[in-house]
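Residue numbers (the working numbering), protein chains in the order written: chain A, 1 to 223; chain B, 1 to 246; chain C, 1 to 352; chain D, 1 to 71.
Check before you lean on any hint, since a few could be wrong.
Computed, partial: chain B to chain C, Cβ under 7 Å [what the hints assert, rightly or not]:
hint : residue
1    : E37
2    : I45
3    : Y57
4    : N61
5    : C62
6    : M64
7    : L65
8    : R71
9    : I75
10   : T77
11   : M79
12   : R81
13   : L83
14   : M102
15   : G103
16   : E104
FYI, nobody ran anything at the bench for these hints, they're computed from the structure. The C-beta atom is built at its ideal place from N, Cα and C for all residues, glycine as well.
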Amino acid sequence: MGKIAVFAGGLGSGKSELAINFALEEAKRAAGVVLADLDMVNPFFASREVGQVLERAGVKLFGPGGDLSFGDVPSIPAEIIALIQQENYLFIDLGGDEVGSLVMGYLSRFIKRWEEMEVFLVLNPYRPFSSELAGVSKVKQLIELAARVRITGIISNPNLVEETNLKTIIEGHRQVQEFADFLQLPVKFLCVEERFWDQLLPRYGSILKKLTLHLRPTWLQDT
Amino acid sequence: MKTVFKKPESLTDAKFHYCPGCSHGIIHRLIAECLDELKIREQTIGICPVGCSVLAYEYFNCDMLEAAHGRAPAIATAMKRLLPDRYLFTYQGDGDLASIGMGEIVHASLRGEKITVIFVNNTLYGMTGGQMAPTTLLGQVTTTSPYGRSKDWEGYPAKMAELLAQNEGSAYICRTAVNDPPNVVKTKRAIKKALQTQARGLGFSMVEVLSTCPTNWGLSPVEAMKWVEENMIPYYPLGEFKVKEE
Amino acid sequence: MKKVLMKGNEALAEGALIAGCRGFFGYPITPSSEIAEYMARKLPKIGGAFIQAESELAAINMIYGGSSTGTRVMTASSGPGISLKQEGISFISEAELPCLIVNVSRGGPGLGGIQPSQADYFQATRGGGHGDYRIIVLAPSSSQEMMDLAILAFELADKYRTPVMIMAEGTLGNLMEPVIVREAVTEFLDKPWATTGCVGRKPNVINTLHLSQEELEGRNRHLTEKYKMISKNEKRAESFLLDDAEIVVVAFGLLARIIKKSVMEARKKGVKAGLIRPVTLWPFPDEHIQAVSRTARTILSVEINMGQMVEDIRLAAGGKIPVEFYGRIGFTPNPEEITRQLLFIAEREGLL
Amino acid sequence: MARGRVIFLAERCKACGLCVEFCPKNILVFDDHTINVLGFHPVMLLQPDECTGCGICGLMCPDLVIQVERE
Numbered sequence: 001m002g003k004i005a006v007f008a009g010g011l012g013s014g015k016s017e018l019a020i021n022f023a024l025e026e027a028k029r030a031a032g033v034v035l036a037d038l039d040m041v042n043p044f045f046a047s048r049e050v051g052q053v054l055e056r057a058g059v060k061l062f063g064p065g066g067d068l069s070f071g072d073v074p075s076i077p078a079e080i081i082a083l084i085q086q087e088n089y090l091f092i093d094l095g096g097d098e099v100g101s102l103v104m105g106y107l108s109r110f111i112k113r114w115e116e117m118e119v120f121l122v123l124n125p126y127r128p129f130s131s132e133l134a135g136v137s138k139v140k141q142l143i144e145l146a147a148r149v150r151i152t153g154i155i156s157n158p159n160l161v162e163e164t165n166l167k168t169i170i171e172g173h174r175q176v177q178e179f180a181d182f183l184q185l186p187v188k189f190l191c192v193e194e195r196f197w198d199q200l201l202p203r204y205g206s207i208l209k210k211l212t213l214h215l216r217p218t219w220l221q222d223t
Numbered sequence: 001m002k003t004v005f006k007k008p009e010s011l012t013d014a015k016f017h018y019c020p021g022c023s024h025g026i027i028h029r030l031i032a033e034c035l036d037e038l039k040i041r042e043q044t045i046g047i048c049p050v051g052c053s054v055l056a057y058e059y060f061n062c063d064m065l066e067a068a069h070g071r072a073p074a075i076a077t078a079m080k081r082l083l084p085d086r087y088l089f090t091y092q093g094d095g096d097l098a099s100i101g102m103g104e105i106v107h108a109s110l111r112g113e114k115i116t117v118i119f120v121n122n123t124l125y126g127m128t129g130g131q132m133a134p135t136t137l138l139g140q141v142t143t144t145s146p147y148g149r150s151k152d153w154e155g156y157p158a159k160m161a162e163l164l165a166q167n168e169g170s171a172y173i174c175r176t177a178v179n180d181p182p183n184v185v186k187t188k189r190a191i192k193k194a195l196q197t198q199a200r201g202l203g204f205s206m207v208e209v210l211s212t213c214p215t216n217w218g219l220s221p222v223e224a225m226k227w228v229e230e231n232m233i234p235y236y237p238l239g240e241f242k243v244k245e246e
Numbered sequence: 001m002k003k004v005l006m007k008g009n010e011a012l013a014e015g016a017l018i019a020g021c022r023g024f025f026g027y028p029i030t031p032s033s034e035i036a037e038y039m040a041r042k043l044p045k046i047g048g049a050f051i052q053a054e055s056e057l058a059a060i061n062m063i064y065g066g067s068s069t070g071t072r073v074m075t076a077s078s079g080p081g082i083s084l085k086q087e088g089i090s091f092i093s094e095a096e097l098p099c100l101i102v103n104v105s106r107g108g109p110g111l112g113g114i115q116p117s118q119a120d121y122f123q124a125t126r127g128g129g130h131g132d133y134r135i136i137v138l139a140p141s142s143s144q145e146m147m148d149l150a151i152l153a154f155e156l157a158d159k160y161r162t163p164v165m166i167m168a169e170g171t172l173g174n175l176m177e178p179v180i181v182r183e184a185v186t187e188f189l190d191k192p193w194a195t196t197g198c199v200g201r202k203p204n205v206i207n208t209l210h211l212s213q214e215e216l217e218g219r220n221r222h223l224t225e226k227y228k229m230i231s232k233n234e235k236r237a238e239s240f241l242l243d244d245a246e247i248v249v250v251a252f253g254l255l256a257r258i259i260k261k262s263v264m265e266a267r268k269k270g271v272k273a274g275l276i277r278p279v280t281l282w283p284f285p286d287e288h289i290q291a292v293s294r295t296a297r298t299i300l301s302v303e304i305n306m307g308q309m310v311e312d313i314r315l316a317a318g319g320k321i322p323v324e325f326y327g328r329i330g331f332t333p334n335p336e337e338i339t340r341q342l343l344f345i346a347e348r349e350g351l352l
Numbered sequence: 001m002a003r004g005r006v007i008f009l010a011e012r013c014k015a016c017g018l019c020v021e022f023c024p025k026n027i028l029v030f031d032d033h034t035i036n037v038l039g040f041h042p043v044m045l046l047q048p049d050e051c052t053g054c055g056i057c058g059l060m061c062p063d064l065v066i067q068v069e070r071e
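Isolated chain A (complex conformation):
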């Protein structure tokens, strides 16, 4: 894992949830972990909603603050340019699609630590526009154009939220692997909820990553 990790992808592919999980995990090992919520597209279910959880774990959150956290206006946290250039573990949560990645395009010229940066394309093949190669390769191309960075790897995030089962994950991941092969990108991680971890570990080994859902309202889980 590099020192800057950027999470890009289609609208609703799971970027925020992944960025939170990766940041929290890094915080167990290292100090100076920063999560930048740069979702300018849509303020619903954004990582800024779990500020307290992050804070307790020692993750510093930078996002549209105060009244702007639910503001309908794009607002880039002022500190972000400095953060990009400092020694730290920076996790950047972008908004959906190429529109959400535009902010990265603006920031990319401040990046000096290119060799320490990973840019992930988060893919959930159960999302509209992500179930076919044409849609996926288009979103990849547009994101790279908008973000002015190359995507370095794919994070597979196949799920149907509460209705996910092993079959969903296995079939979905196979689909993601096919996309990855075509795009000539490595699948760096396969993310699954904790409840599937034990059964899937033997099959997928080191790419398997455990997810705790922080943004999903708990009351959805059995209604």
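Dock chains B, C and D against chain A, hints included.
Chains B, C and D in isolation, oriented as in the chain A frame:
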């Protein structure tokens, strides 16, 4: 003997409700003659405004809609997009088009909607009793500019043909008048050209017709025609402002 | 059965396409914009029309024109935009043009905020614009219902020649859930009234102007008869644990789903609670309220506003049972908050 | 000899006088002895023999009163 002049097929038998000498009747007839001559009555849908011509749906013998004040271009836009092989025309007065409907007309033109707008400019609100319109001339007295329209108080009259001709989406923009026989003939020619522009898919077309309101101007119909020539045409020059050929 | 993970807004848009919607005319506003964005991507590929209008006024009049061609058309907006569209909705209602209008609501008055809200209940259920009219209002509570009610909305709109509104909280529009994608609708009603060019028939006129008193009154009586028919046929509500319920919560939308949890929690603690979830906000399912007002002890209306639906509940209850109100603004209460409220009422009423 | 013939739908005439004004032969007048259903003295042709069937009266008439025939 052969008939050289009669009521066109594209008008119903209903009697116009307009005041004596009001040139709406002439303009209605010219549109209908164009529909007849182009043989497109059954392919045409017209949209009438709020204003004196609000009842125009009773007069045109084709499918017709009555619009909310100023919104006819929006209605025509959606209809043309969904029925691209049909002819859409809106019939709008100066309050409807240049005041409350300024947004709709400008954007229909900007988008290059393939519709034809017949814009009847008689310098005031006829329907509601002679109030000031965006096209009321400087110095002109109306019930809401009782001291005469002044540039400092009410501002300048809107030149819609010139304004819309600037838009890339406009394919044919022309201003005519119906104050004398030669100008009536020219108006018909312009309306036909506008409809042909629509048929060729070139973009937005509008004919602004300088018209009369003898009742609210306080003039006889004949005097009103002279008033158009003496007062309107000098400020609103006639002619084609935009002719896109392809 | 193929499931797709969809935001409520996407599911609604896809539902509209499944229902045969081929025209979208709108103006962007959070939190409804995903509907327009989804339509902008899909409609041009299937021969439909998508226009981002210059204003809500233009958009709703494009709906007037679009529907006049006999095509299934829709628009989507949020509170301030829906206010601007009211003139057009009044015209569309009087012209009896079928269409779907979506309000992914936000808080008000004024610009308010984009947080979850149900504050447009009055506007939606009373018609909203000028004149004597009503529109059918549907309130989905899941992504699946966003799709299914969009399909139903077009069916009802065509059947009764009326605008139908779907009203959803912004949270529902943005919440992702697995959705079963329905089969495309293939049967449509004939629309002999449509203005499509009068080839081989007499001209059609679509008009809302009625100069004579007799004609105007006749039109209003005709519409009223239609609204009575809709009231008779189309009331819909979901009942949950009502059989022995002593405290009945009434709530709609996504909020109602959360309150199901509260009801179950309260029952675990000995409170006989139940829930009525109106699916049609107009026509309001008053028979459901009347039924429980004979059997329950009290009704609690929970809304994300300062008390709007509670008035319809009181009208339906006709004074037979106390009706109380609990509301929040810009915030969807979590299940525990409502459970606490139920326990408080139960204790006060001696029901524990 | 007349080369044209003008037929008036007198019940539609509002006596605006535009046809009278623009007739190049000056052969149209108001019929002071008739009042139509609209309450106007409708227009009439004073000297039918002079009519050339030019059609200008019909062109300027706002109320579809006039039909013109020509040899």
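These are the hints, each one checked on the structure:
no.	hint	in the structure
1	E37	violated, 17 Å
2	I45	holds, 5 Å
3	Y57	holds, 5 Å
4	N61	holds, 6 Å
5	C62	holds, 5 Å
6	M64	holds, 5 Å
7	L65	holds, 4 Å
8	R71	holds, 4 Å
9	I75	holds, 3 Å
10	T77	holds, 6 Å
11	M79	holds, 4 Å
12	R81	holds, 4 Å
13	L83	holds, 5 Å
14	M102	violated, 10 Å
15	G103	holds, 5 Å
16	E104	holds, 5 Å
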